[in-house]
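2 protein chains.
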Amino acid sequence: MRTYDIIKKKRDGEKLSQSEIQFIVDAYVKGSVPDYQMSAFLMAIFLKGMADDETFHLTTAMLESGEQISLSEISGFTIDKHSTGGVGDKTSLVLGPVLAALGLKVAKLSGRGLGHTGGTIDKLESISGFSCDVPADKFIAIVNKIGVAIAGQTANLVPADKKMYALRDVTATVDSIPLIAASIMSKKLAIHNKGVVLDVKVGSGAFMKSLQDARELARLMVSIGRQAGRKVTAVLSNMDEPLGEMIGNSLEVLEAADTLQGKGPSDLAELVKVLASESLLLSTNRTITQAEASKKVEEVISSGKAFQKFIEMVKAQGGDPAMEKLPISKEIKPLVSEKSGYVSSIDCEEVGLSAMMLGAGRETKEAKIDFTVGMKLCKHVGDKVEKGDKIADIYVNPNHPGNEKAIERLAKAFHIKAEFVQPQKLVLDIVS
Amino acid sequence: MRTYDIIKKKRDGEKLSQSEIQFIVDAYVKGSVPDYQMSAFLMAIFLKGMADDETFHLTTAMLESGEQISLSEISGFTIDKHSTGGVGDKTSLVLGPVLAALGLKVAKLSGRGLGHTGGTIDKLESISGFSCDVPADKFIAIVNKIGVAIAGQTANLVPADKKMYALRDVTATVDSIPLIAASIMSKKLAIHNKGVVLDVKVGSGAFMKSLQDARELARLMVSIGRQAGRKVTAVLSNMDEPLGEMIGNSLEVLEAADTLQGKGPSDLAELVKVLASESLLLSTNRTITQAEASKKVEEVISSGKAFQKFIEMVKAQGGDPAMEKLPISKEIKPLVSEKSGYVSSIDCEEVGLSAMMLGAGRETKEAKIDFTVGMKLCKHVGDKVEKGDKIADIYVNPNHPGNEKAIERLAKAFHIKAEFVQPQKLVLDIVS
Chain A
1 MRTYDIIKKK
11 RDGEKLSQSE
21 IQFIVDAYVK
31 GSVPDYQMSA
41 FLMAIFLKGM
51 ADDETFHLTT
61 AMLESGEQIS
71 LSEISGFTID
81 KHSTGGVGDK
91 TSLVLGPVLA
101 ALGLKVAKLS
111 GRGLGHTGGT
121 IDKLESISGF
131 SCDVPADKFI
141 AIVNKIGVAI
151 AGQTANLVPA
161 DKKMYALRDV
171 TATVDSIPLI
181 AASIMSKKLA
191 IHNKGVVLDV
201 KVGSGAFMKS
211 LQDARELARL
221 MVSIGRQAGR
231 KVTAVLSNMD
241 EPLGEMIGNS
251 LEVLEAADTL
261 QGKGPSDLAE
271 LVKVLASESL
281 LLSTNRTITQ
291 AEASKKVEEV
301 ISSGKAFQKF
311 IEMVKAQGGD
321 PAMEKLPISK
331 EIKPLVSEKS
341 GYVSSIDCEE
351 VGLSAMMLGA
361 GRETKEAKID
371 FTVGMKLCKH
381 VGDKVEKGDK
391 IADIYVNPNH
401 PGNEKAIERL
411 AKAFHIKAEF
421 VQPQKLVLDI
431 VS
Chain B
1 MRTYDIIKKK
11 RDGEKLSQSE
21 IQFIVDAYVK
31 GSVPDYQMSA
41 FLMAIFLKGM
51 ADDETFHLTT
61 AMLESGEQIS
71 LSEISGFTID
81 KHSTGGVGDK
91 TSLVLGPVLA
101 ALGLKVAKLS
111 GRGLGHTGGT
121 IDKLESISGF
131 SCDVPADKFI
141 AIVNKIGVAI
151 AGQTANLVPA
161 DKKMYALRDV
171 TATVDSIPLI
181 AASIMSKKLA
191 IHNKGVVLDV
201 KVGSGAFMKS
211 LQDARELARL
221 MVSIGRQAGR
231 KVTAVLSNMD
241 EPLGEMIGNS
251 LEVLEAADTL
261 QGKGPSDLAE
271 LVKVLASESL
281 LLSTNRTITQ
291 AEASKKVEEV
301 ISSGKAFQKF
311 IEMVKAQGGD
321 PAMEKLPISK
331 EIKPLVSEKS
341 GYVSSIDCEE
351 VGLSAMMLGA
361 GRETKEAKID
371 FTVGMKLCKH
381 VGDKVEKGDK
391 IADIYVNPNH
401 PGNEKAIERL
411 AKAFHIKAEF
421 VQPQKLVLDI
431 VS
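Going line by line, the protein sequences match chains A and B. Going by my numbering, 139 is the number at position 139 of the first sequence; the sequence numbering is gapless. Going by my numbering, 216 is the number at position 216 of the second sequence; the sequence numbering is gapless.
Among these hints, one or two may not hold up.
The list cannot tell twin chains apart, which means a pair is met if one copy fits it or any two copies do.
Straight-line alpha carbon distances no greater than 25 Å define the calculated DSS-like cross-link-like pairs of lysine-lysine that follow [to be verified]:
(1) K209 x K15
(2) K384 x K412
(3) K405 x K417
(4) K209 x K425
(5) K330 x K30
(6) K194 x K384
(7) K9 x K48
(8) K368 x K325
(9) K209 x K8
(10) K209 x K9
(11) K295 x K30
(12) K330 x K384
(13) K145 x K8
(14) K296 x K194
(15) K48 x K145
(16) K296 x K138
(17) K295 x K368
It is worth saying that the hints were derived from the structure and are not from the lab. All of these numbers come straight from a predicted model, not from anything done at the bench.
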């Protein structure tokens, strides 16, 4: 088998066999296929596409390139959630405890990575004492006992994806539905959860700009997961503006805690309810109805059981559960609207960059996150604003350079139009 | 300007500006654009194509990546011929002296390279004493005096093409008409001849398998040359079987000398006549007719003037013009047909590989060519053969291993069918 022939075959729009896909992925990870052949191959996939079974074989080949985590020591229905990413997305912080309260098992392994704000782990580590450096046996014990734990991911999962993604990132081959699906699903399948619920974001602030593309990505990922023997559902949710009101590390933890107590923003609450209901449907093999599942979710929140799980998890991982001790800046600068009208959209990318400029995220691997900073968005798409109305509170570190520029950036992220704009529904579709 | 954006633009089928093309080619040659970005870019060009002006800008950017040779010290109409390659193609050896006899100036710079048989230089160096290591001033002096000289090319012409071609070769991006046109034309334009006549081969033994593709390549190359201010014509010639009868180094020199004396194979003689006539038409700005040009070509051959130029060139470059002294093996093995019928095609690739296995070509840069070996094809497409008829004479070095395999290979290259096959015309079209 020759790499050249595999590239040529895909270039000509032909279908690759499982062994051809396996060959090129293995050889690339081992280093015997150089980057320049892989990048030509990825561009050919980008432009010629892949059939569903080719994408499944690609996912499998990538998945098998590294370690896998069996979770076999956890009793019960293990489930993982994946979001295709967005600004202000603290859903995992809320969903984990809710699912634990419902009796499911959430053994969340998360990375730090770069970004506008920290990852789930960074957010949690803004809680005094909280540690995600949990040894494997203790991690399993917490999940078995409480139902949820969140740890840093240290295993060498899917090295093929790391290497391929780095290459795609610099060769304009990221936005390909088969490549995105294989990248996400190889990482999800490497951890042997019984169920996976996918939150596919759609809209101006998401990877997938159109509902049609998002639906296709969701369909493909669900099909890959099924072929691999997992239970999978995908929820398509709108990302035309940040989710919730808070952006920043401690601020997002606070908002998550509020939501777990039924006092969070309605969009976040709704998304958690849908994702949790879908998870419950997966775990019960759909022997209950959607309405029943939804009711159970509402119950664990209104009863305080879900918030209790959060507190238990925080304690088990060494954190101080007193939310009032969260490190949140006292220096709050209001941002006011410069014109009157209706909020038509809030540019997620710009909001995220503004948060990063305040110090809430990492621009480089070595950068230190400032847990105390961030922002609360006071207006949402569809809201009426008058000139001079406050549209955001900005939590700053007064000693940080670049606050002014960050605030200017945030101001520009709000698009205000004269005519009323009907906000999109939050949950656009469910693919299962 | 970012490489990423340039790749993305081409990936999306958009038209690149001159400055974008210039940027990526320059940066690639300098090493600041890595191979993996260039290979993704080349695959995007392969699959999305290029408009004529983009291809012209690509050619120019490549051309300007290295040295150029002005030829300003040569008086008269300087002309170069380029063939897209084929087996048994000794046209340059014949055409150069013919053009010199017509009063044109042929300052041929040629490479050695790898291949089934040696390049033009290797073929000529099979003449005892002949050297292509001619200092620049002597080379110019010979061209000015005799009208033709052939030297090894040592200048660093078009490094962009060397680097890009090596990459295309391993990433399945060779067979792209814009990329082929830019590669050929950048090398041709780097040497400032006034005229260029292109011999675009078509058929099973050529790069271009279909007449339509060959015509498109020819049209594009002629247009690039014109935009660069040169006079250019392209001749489309059939390559469903090797050109002429001889394959091998000394054997091809012998056939070239025969053809210069009007006793060569008809296909080679015809192609030389067409290429020479077209060259004359370019040099005279078409102030004479095609028939007049053709007549002048016939005259320089029948008068012996063209052969005389060949002898003068050989002498000027230190060679012994006595053709009977050419090193040709006396060990000749006949190849006979195993069946009766009509020759339907002769696989050029297989004939070439057979010649290489006999020792006539270089498999690696370091390999030494055996000038004495090769073959004479005794049957051509359309010829009737009986079982047992001789179809080729094979000139071998009896001490060379692998002769048997080479002969087997040649036997398989002859395709013989029961029904008569009408051979293709040699000259299929002229694009000017």
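Each hint tested on the structure:
1. K209 x K15: between (28 Å within a copy, 24 Å between copies)
2. K384 x K412: within (17 Å within a copy, 82 Å between copies)
3. K405 x K417: For K405 and K417, only the intra-copy Cα distance (24 Å) is at most 25 Å; the inter-copy one is 80 Å.
4. K209 x K425: So K209 and K425 pass the 25 Å test inside one copy only (15 Å; across, 56 Å).
5. K330 x K30: Result: close neither inside a copy nor across copies, 51 Å intra and 52 Å inter.
6. K194 x K384: neither (45 Å within a copy, 72 Å between copies)
7. K9 x K48: both (10 Å within a copy, 17 Å between copies)
8. K368 x K325: within (20 Å within a copy, 81 Å between copies)
9. K209 x K8: For K209 and K8, the Cα distance is within 25 Å only across copies (17 Å; inside one copy 31 Å).
10. K209 x K9: between (30 Å within a copy, 18 Å between copies)
11. K295 x K30: neither (50 Å within a copy, 64 Å between copies)
12. K330 x K384: Answer is neither; intra-copy 28 Å and inter-copy 99 Å both fail.
13. K145 x K8: neither (53 Å within a copy, 50 Å between copies)
14. K296 x K194: within (20 Å within a copy, 85 Å between copies)
15. K48 x K145: neither (49 Å within a copy, 57 Å between copies)
16. K296 x K138: Neither: 29 Å inside a copy, 95 Å across copies.
17. K295 x K368: Neither. Shortest intra-copy (42 Å) and inter-copy (83 Å) distances fail the 25 Å Cα cut-off.
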